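Here's the letter readout for the chains.
Number of protein chains: 2
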Amino acid sequence: MEKLKLMSLYADFRKDLSFIEKELERSVDSSSPVIRQASLLLLRAGGKRIRPIFVILSSKFGEYSMENVAKVAVSLELIHMASLVHDDVIDNSDFRRGYETVKARWNNRIAMYTGDYIFSRALVSIGEIEMPAVHQLLAETMLEICKGEIIQFEYQQKTDQSFRDYLRRIKRKTALLLSSSCELGALVSNTDSEVVGKLKRFGYFAGMAFQIVDDILDITSTDEKLGKPAGSDLLNGHLTLPTLYIKDDPEFQPYLYRAFDGSLTEDDRGRMLAYIRQSGAIEKSQQVSDMYLKKAIAEVESLPDNDAKKALLQIADFLGKRKF
Amino acid sequence: MEKLKLMSLYADFRKDLSFIEKELERSVDSSSPVIRQASLLLLRAGGKRIRPIFVILSSKFGEYSMENVAKVAVSLELIHMASLVHDDVIDNSDFRRGYETVKARWNNRIAMYTGDYIFSRALVSIGEIEMPAVHQLLAETMLEICKGEIIQFEYQQKTDQSFRDYLRRIKRKTALLLSSSCELGALVSNTDSEVVGKLKRFGYFAGMAFQIVDDILDITSTDEKLGKPAGSDLLNGHLTLPTLYIKDDPEFQPYLYRAFDGSLTEDDRGRMLAYIRQSGAIEKSQQVSDMYLKKAIAEVESLPDNDAKKALLQIADFLGKRKF
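If you're matching them up, the sequences are chains U and Y in order.
Converting from the first sequence to our numbering requires adding 25 to each position, the first position being numbered 1.
Converting from the second sequence to our numbering requires adding 25 to each position, the first position being numbered 1.
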């Protein structure tokens, strides 16, 4: 239902998106059956294609070239996919969005190498663009994301952490790639540098809001809708914004420690989620997300009026309120 | 002893190499203690720095710029290091019983994260070079290497394979990155395109010879010198050139199957290695390596005379005869 709504927001750019979709499929095609099957599995598991749509929309403020835009969009979506396969290795997840993960179907090794392969594919795709600034930005973005992966590990199972630690983590985990999607889309279209800056900040703020909503849904949604157990973040040892608000609550702490050490029963998982939901932590988290969303919208509102601007505003609004 | 000999071949380029060594250390420095420790461990473990030396030597045939050469050399050595860490990642499901799980997992995670981080560092380093051809070549090289990693998995434990399959595998595993090291070193120095072609082919042929010698040493050397059990390739399910020559030999086959299914005893490992050594397979493999080495030397011999040419010839000769 909600996914359909998102698709309807993309309607004006369906042609661009379906071109990118075909390029994505083409780019992971390979004579190796394992590579092909693993990549297609990932591609089909789909997702919201937020990075491609951000690239497309941002590029509409400059000299739009479908060809260049597709190269950047394909590259960024592939990098996102590669990081997902590697995350599956880390978290030992057997399912993502209801689909079997590469790691579950084959093994950790294949998941890791598929990630490496897709990563390289991303470089080949963007390699065709002859703009040094594009390559430098992409490399720096990837470096920060990888740093984030390791720092996330350093914070795993650590209850002594601040809101700032959390915000820095989700910046690297999500906001940076969305920010760079906007910036790169604008850059390859030779967009005016002031506009590039606004789009870049829009992507960053929207990304922060998006990830906070994601972390809220991990508590408030159902196993079925999530395609994985609700509360997975805690089960994997990750404190997120809602849980940071109540981590020192003595009634919550027994759940927290048992989620971290793996001794939480199914019944207690339900009780833990119910406890967080009634604690007020969800509302507080939603307010932080709303604050980022407002900042995102403010950046876009000062841009010249066009269809892309309208779509960016609608998508930002949707991402902040989505239920999946 | 032999390592010292190699270092003496590098003597004329010690200044360039030590500059690159410092840049390598600087590039993996990080505020994250895990990143820093893991990367430095890898860096200190050393290796022969063949990629950096190939970059340096190849660049001496054009307009040599230490700064550009260092960026390329650092990038290629980092990519090599990243692929080594990823190679070390063990499939949890296979090795769970052999290792304490938490420890095995800690290693896997850190290994994968560190590999990703170093990969990105490599991109940042080469990203500073404003030559599109350089980025395209690097991306294509990485793609082929990753493909090779997965294809190696597809061939694991498979006895029905040809010499061509093997040669294609070692091309991706080793020869390509050495070939690209030469090509990139020459490219960033604006070397004449005919010379670029010769250096590229030199790197490829030398890389093939190098890997075949590596595969021979896995049979003929000692556990102590190798730092792992002799015969590891077979124990890991990989047929290499020497074993391809005798894989259909009825006296060898019982060893082969037991090496593959993990039921080979320590005594039988010794007998298996002795059997391969006396079978003539080593000599035949050495001939193939020598053939590649001759081709490598032929490419370089037609290049203009200089110190770099002399060093390339000596190193190629050394790589083909080395005992470590």
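The set of hints was computed from the structure by calculation and includes no laboratory data.
Certain hints may be false.
So these bits of chain Y aren't anywhere near chain U, every CB distance computed over 10 Å [as the list claims (entries may be wrong)]: (1) S55; (2) V59; (3) S145; (4) P157; (5) I170; (6) E219; (7) G295; (8) K320; (9) F343.
Pairs of lysine-lysine, DSS-like flavour, derived with a Cα cap of 25 Å [unchecked claim]: (10) Y:K73 to Y:K335; (11) Y:K73 to Y:K30; (12) Y:K47 to U:K172; (13) U:K47 to Y:K30; (14) U:K346 to U:K253; (15) U:K183 to U:K198.
So the derived label-pair ranges between C-beta atoms look like this [as the list claims (entries may be wrong)]: (16) U:M32 to Y:N215: 45 to 53 Å; (17) U:N132 to Y:R296: 42 to 50 Å; (18) Y:G295 to U:L192: 57 to 65 Å; (19) Y:D217 to U:K335: 50 to 58 Å; (20) U:R61 to Y:Q186: 36 to 44 Å; (21) U:D37 to Y:R69: 51 to 59 Å; (22) U:R61 to Y:E92: 38 to 46 Å; (23) Y:S257 to U:N132: 33 to 41 Å; (24) U:E165 to Y:K319: 38 to 46 Å.
Keep in mind it's a predicted model, so treat the numbers as computed, not measured.
Cβ atoms here follow ideal geometry from the backbone N, Cα and C, with glycine treated the same way.
Against the structure, the hints come out as follows:
Remark: the non-interface label on S55 (chain Y) conflicts with the geometry, its nearest Cβ contact in chain U lying 7 Å away (cut-off 10 Å). V59 (chain Y), annotated as away from the interface, has a beta carbon of chain U within 10 Å; the closest lies near 5 Å. With a least beta-carbon separation of about 4 Å from chain U, S145 (chain Y) fails to lie farther than 10 Å from that chain, contradicting its non-interface assignment. Taking the minimum C-beta to C-beta distance to chain U, about 4 Å, the non-interface status of P157 (chain Y) is violated against the 10 Å cut.
With a closest Cβ-Cβ approach of about 8 Å to chain U, I170 (chain Y) is found to fall inside the 10 Å limit, against its non-interface label. Listed as a non-interface residue, E219 (chain Y) keeps its Cβ farther than 10 Å from every Cβ of chain U; the least gap is roughly 24 Å. Against chain U, the non-interface label of G295 (chain Y) holds: every CB pair exceeds 10 Å, the least being about 29 Å. Every CB of chain U is more than 10 Å from the CB of K320 (chain Y) (nearest about 27 Å), matching its label as outside the interface.
In this structure F343 (chain Y) is separated from chain U by more than 10 Å, as the shortest Cβ-Cβ distance comes to about 31 Å. For a cut-off of 25 Å, the pair hint linking K73 (chain Y) to K335 (chain Y) stands: about 18 Å separates their Cα positions. Proximity of K73 (chain Y) to K30 (chain Y) is assessed by CA-CA distance (about 11 Å); at most 25 Å being required, the pair is judged to hold. Between K47 (chain Y) and K172 (chain U) the CA atoms are separated by roughly 21 Å; this keeps the pair inside 25 Å, and the hint holds.
Using a Cα cut-off of 25 Å, the hinted pair K47 (chain U) and K30 (chain Y) is violated, with the two alpha carbons roughly 54 Å apart. Straight-line distance between C-alpha atoms of K346 (chain U) and K253 (chain U) comes to about 21 Å, which keeps the hinted pair within the 25 Å bound. The hinted pair formed by K183 (chain U) and K198 (chain U) meets the criterion: a straight-line CA distance of about 18 Å does not exceed 25 Å. Hint check: M32 (chain U) to N215 (chain Y), Cβ distance near 50 Å, so the stated range 45 to 53 Å holds.
Separation of N132 (chain U) from R296 (chain Y) is about 31 Å and departs from the stated range, judged on CB atoms against 42 to 50 Å. For the hinted restraint 57 to 65 Å between G295 (chain Y) and L192 (chain U), the CB-CB distance of approximately 59 Å keeps it satisfied. Separation of D217 (chain Y) from K335 (chain U) is about 54 Å and conforms to the stated range, judged on CB atoms against 50 to 58 Å. Between R61 (chain U) and Q186 (chain Y) the C-beta distance comes to about 20 Å, which lies outside the given range of 36 to 44 Å.
Our hint of 51 to 59 Å for D37 (chain U) and R69 (chain Y) holds, since their Cβ atoms are close to 55 Å apart. Between R61 (chain U) and E92 (chain Y) the Cβ separation comes to about 41 Å, which falls inside the hinted range of 38 to 46 Å. Distance hint check for S257 (chain Y) and N132 (chain U): the Cβ-Cβ separation is about 19 Å, which falls outside the suggested range of 33 to 41 Å. Here the CB-CB span from E165 (chain U) to K319 (chain Y) is close to 44 Å, well matched to the stated 38 to 46 Å.
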